[in-house]
Amino acid sequence: MLPYFARRLAQAAVIVAFVAAISFALIHLAPGDPFSAVMDNPNVSESVRQTLRAQYGLDKPLPEQFARYVGSLARGDLGWSFSHDRPVLDVLATALPNTLLLMGVALVGSFSLGILVALIQVARRGSATDHALSGVTLLLFSMPEFWFAILALLAFTYWLPIFPVGGSVDAVMHDYMGLGARIGDRLRHLTLPALTLTVLAAGGVARYQRAALLEVLPADYIRTARLKGLTEREILRRHALRNALLPTISLIGLSFPALLTGAFFIEKIFAWPGMGLAVVSAISSRDYPLVVGGVIIGSIMVTLGSLIADVLYAWADPRIRAH
Amino acid sequence: MATMNHVRLLCAVALFAGCVGSESTPGGKPGGTLAISIGGDPDVLIPSLVSTVQAAQMVDLVYDRLADIGDSLNVVGDAGFTPRLADSWTWSPDSLSIAFHINPRAKWHDGQPVRSSDVRFTLQSTRDSTLGTPVAALITNIDSVSTPDSATAVFWFHKRTPQQFYDATYQMPIMPEHIWKGIAPAAWRASEAAKHPIGSGQFRFVRWTPRTAVEVAADSANYRGAPKLARVVWSIAPDFPTALTRFLSGETDFFEVLRPENIPEVMKHPNLRVKTYRSLAYLFAQFNLRDPANHARPHPIFGNRELRRALTMATDRATIVRSVYDTLALPALGPTVRAYPTTDPNIRQIPFDLPRARLILDSLGWRVTRSDGTRSRNGRPLQFTLSVPSTSKVRIRLAVLIQEQLRQAGVKVDIEQLDFRVLVEKERKRAFDAAIGQWNTQPSPGSVRGSWGTPGSHASSGTNYGSYENPVFDAYVDSALASFDPGNARSYFTKAYETIVQDAPAIWLAEPRGIVGYNARVHLAPLRSDAWWAHIPDWWVAAGQNTP
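So the protein sequences, as listed, match chains A and B. Numbering-wise, our numbering puts 129 at position 129 of the first sequence, and it's gapless, one number per residue. Numbering-wise, our numbering puts 270 at position 270 of the second sequence, and it's gapless, one number per residue.
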């Protein structure tokens, strides 16, 4: 098992390095630079812009900038964020927990909800409920994330204002609340973005799980369980679900990239101060180090996610473990 | 048409509501929190480095200048200026120096007294080339600051100019030497001191939580007295729509950049109000007078003055402005705004006259020969690209209307929507045909020299992206800026503006009013053209409606 993981880790490192190089080149190729916007002022001369470019080493040729960046990276330094005037590592360290919280809640929520919906569908297979839920899950699965998120934002913060309009806390009052109220405030802000991401991801999980359950239901051990007199509910829960969960576990790894990009959209729309919001803002402000740093952290998360899924799969399936 | 009437009615209601319900009532009770919705973090909280309007609001409340410009925005001499850190000042007989007497009660928010050495330090650091501040270019007439004693800062000038008092005060909020002197100017942006600014204004800095909020609180022991509000919090949204929704949903009290199309939505809320004010912004469709492919050559279309005049003549600016802004803007007069005391609102314009524009184009050899009605000459169609930032709905709408109006004159306009930074980069490199731009100016009309004068037309140094050059215009502007008599200054500026208007390096489009939205619980003071936030210390919240 150990050589396998070592090989996977080496592959992951190559992928991350490749992604970092590509993103470095792409963002630097985009027209403009971090100081283009200061030129939108009749009093700002080109010399001011050149001074700023020199301060941040942007006046050097691109290969030299890349070599310097790689050197910093080797020392564990992701560079300096122009737009935050802080180390990129600091910016991402502040944002990452928010993204992980959002993704974590959505991951647990979407798989729990998706499996529950699949169980209901399979228990009532062929019924109107099954057909209706199939339609709903298909709709959620195919719906563009940003569109659904904007709709949810409008619906529940403006037309029916039961949730706050984005952010992770009440910007005005949070610092003046007691501990309990602070936790409540944070939960209130988390609910809508997490719920949106959960509902969107649950559609795919439900469809996948339903198919997996239907696949195991004709198996011999299910027929045996029926002959033993177990109820349909017990058969589904104790026998069918446990076996049908294996492909769903591999789905966790596969859904990680989708969940991460989904979280980026959700963060932008709900102003959730996570990595997605930081990176999207960095792209528009041409904050090169923050963009590349965000991409590196994102690709590490995705490769780690897929690695974790492999471990879970091996843990859950004794055949893989033995192999 | 019905929709337009509806919008017009709502605008009228909004303006009425704004005008009637917004003025301050003297003697508001102190206390209360003002929550302002903004669409982005401040860039930096160091006065000389600020480039965003959000940061300017915060910095202006935390730091003080020696004297503050009056609401009339006079920049000649010291008329209208009110004492701030300096409680008085004395001009030397030859006017080559001004002695500012620091208010003995003035203190920094950390308790240290404000001294004349802080003033000297502010000038020296602002001029440090490693700091990279645009302000340095605006204070070149200041030679030095001497400090005969700790309460007197004497500004010495190279020459006597009408705006020397303005240069010494408006451009430089005073910074505490004891905080900044140990930090190299090149490292200021990244320093911890920049994250926790210490000023001497009526509000002291409390916190900056990136992408969440910036908060300032009343400095109750301030030498100018405590402000009426207890706290001001800027709630930071990542973009305009989220910031607007926070205001509409009641999460915040104030929104500074309402667009005309937002007003009907605001008016659906009985507790929300709209107020407009004269801004210092103007919009224009700028022609590039040099060939983008070879800057040494004139532009194949816009190099011809008569053709540019014909394009202006074919554009019904009044209709365009009414369509986009309703009553919330006026057609621009030229590279200026009506809020300047030196601007004559009757500057002679190129009138809208489509038949005459067609005749001029015919006479220049641009004739309709193509089936789509586009003119051409020697096989070259009369066609150009008009660039606009994709984030500005207003500029996109202006571009579409110009496209349609010029089509009627046989001119084909291709609209190119660009990321804002990409557009600025193209303008900087003079790699564009035409672009819809906007200048947000300062109280001094002098910035016109950089944005439309010869000194600013060279790619390496200036923001005169269209490369318009006319020594007559330059001379009138220089004479106006050198004139001590307001009447003469106005007369020279009028001649300068008429010169450039007749040369038509741009179609002068709109001079929009600033539009803010606010909750009725907040009582505003007058909004100043250059900085609507200037009088926030005088705003107040009605008793019983305070946020704790």
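Keep in mind that a hint or two might mislead.
[As the list claims (entries may be wrong)] Straight-line distance between alpha carbons at most 20 Å, and here's what the computed SDA-like set of lysine to any residue pairs gives:
| hint | chain 1 | residue 1 | chain 2 | residue 2 |
| --- | --- | --- | --- | --- |
| 1 | B | Lys195 | A | Phe156 |
| 2 | B | Lys107 | B | Asn294 |
| 3 | B | Lys268 | A | Phe156 |
| 4 | B | Lys195 | A | Gln50 |
| 5 | B | Lys268 | A | Pro87 |
| 6 | B | Lys107 | B | Ser51 |
| 7 | B | Lys429 | A | Ala30 |
| 8 | B | Lys195 | A | Ala93 |
| 9 | B | Lys429 | A | Leu58 |
| 10 | B | Lys195 | A | Asp85 |
| 11 | B | Lys195 | A | Pro161 |
| 12 | B | Lys195 | A | Asp90 |
| 13 | B | Lys429 | A | Asp90 |
| 14 | B | Lys429 | A | Leu29 |
| 15 | B | Lys412 | B | Asp326 |
| 16 | B | Lys393 | A | Asp85 |
| 17 | B | Lys268 | A | Tyr158 |
| 18 | B | Lys393 | B | Arg490 |
| 19 | B | Lys268 | A | Pro161 |
| 20 | B | Lys429 | A | Asp59 |
| 21 | B | Lys268 | A | Ile162 |
| 22 | B | Lys429 | A | Gln50 |
| 23 | B | Lys107 | B | Ile198 |
| 24 | B | Lys195 | A | Arg86 |
Since the hints were derived computationally from the structure, they do not count as laboratory data.
Status of the hints after comparison with the structure:
1. Straight-line distance between C-alpha atoms of Lys195/B and Phe156/A comes to about 35 Å, which puts the hinted pair past the 20 Å bound.
2. Note on Lys107/B and Asn294/B: the hinted pairing is violated, with a Cα-Cα distance of about 57 Å set against a maximum of 20 Å.
3. For the hint pairing Lys268/B with Phe156/A, the CA-to-CA distance comes to about 18 Å; that is within 20 Å, so the pair holds.
4. Of the supplied pair hints, the one linking Lys195/B and Gln50/A is violated, its CA atoms being roughly 24 Å apart against a limit of 20 Å.
5. For a cut-off of 20 Å, the pair hint linking Lys268/B to Pro87/A is broken: about 45 Å separates their Cα positions.
6. Pair hint Lys107/B plus Ser51/B does not hold up; C-alpha atoms about 26 Å apart against a cutoff of 20 Å.
7. The hinted pair formed by Lys429/B and Ala30/A meets the criterion: a straight-line CA distance of about 15 Å does not exceed 20 Å.
8. Of the pairs offered as hints, the one joining Lys195/B and Ala93/A holds, with about 18 Å between alpha carbons and a cut-off of 20 Å not exceeded.
9. Of the pairs offered as hints, the one joining Lys429/B and Leu58/A holds, with about 18 Å between alpha carbons and a cut-off of 20 Å not exceeded.
10. The hinted pair formed by Lys195/B and Asp85/A meets the criterion: a straight-line CA distance of about 9 Å does not exceed 20 Å.
11. Under the criterion of a C-alpha separation no larger than 20 Å, the hint pairing Lys195/B with Pro161/A is inconsistent with the structure, at around 34 Å.
12. In summary, the hint linking Lys195/B to Asp90/A is supported, as the alpha carbons are separated by about 14 Å, within the 20 Å threshold.
13. Between Lys429/B and Asp90/A the CA atoms are separated by roughly 35 Å; this puts the pair beyond 20 Å, and the hint is violated.
14. Of the pairs offered as hints, the one joining Lys429/B and Leu29/A holds, with about 16 Å between alpha carbons and a cut-off of 20 Å not exceeded.
15. For a cut-off of 20 Å, the pair hint linking Lys412/B to Asp326/B is broken: about 26 Å separates their Cα positions.
16. Simply put, Lys393/B and Asp85/A have alpha-carbon atoms about 31 Å apart, too far for the 20 Å limit, and the pair is violated.
17. Proposed proximity of Lys268/B and Tyr158/A is supported: the alpha carbons are some 12 Å apart, at most 20 Å.
18. For the proposed pair Lys393/B and Arg490/B, the alpha carbon gap of about 34 Å is over 20 Å, so the pair is violated.
19. Among the hinted pairs, Lys268/B with Pro161/A is consistent with the structure: their alpha-carbon atoms are about 15 Å apart, no more than 20 Å.
20. At most 20 Å may separate the alpha-carbon atoms for a hinted pair to count; Lys429/B and Asp59/A meet this at roughly 16 Å.
21. For the hint pairing Lys268/B with Ile162/A, the CA-to-CA distance comes to about 19 Å; that is within 20 Å, so the pair holds.
22. Distance check on the hinted pair: Lys429/B and Gln50/A sit about 14 Å apart at the alpha-carbon level, within 20 Å; holds.
23. For a cut-off of 20 Å, the pair hint linking Lys107/B to Ile198/B stands: about 10 Å separates their Cα positions.
24. Taking the CA atoms of Lys195/B and Arg86/A, the gap is about 10 Å. The hint holds against a cut of 20 Å.
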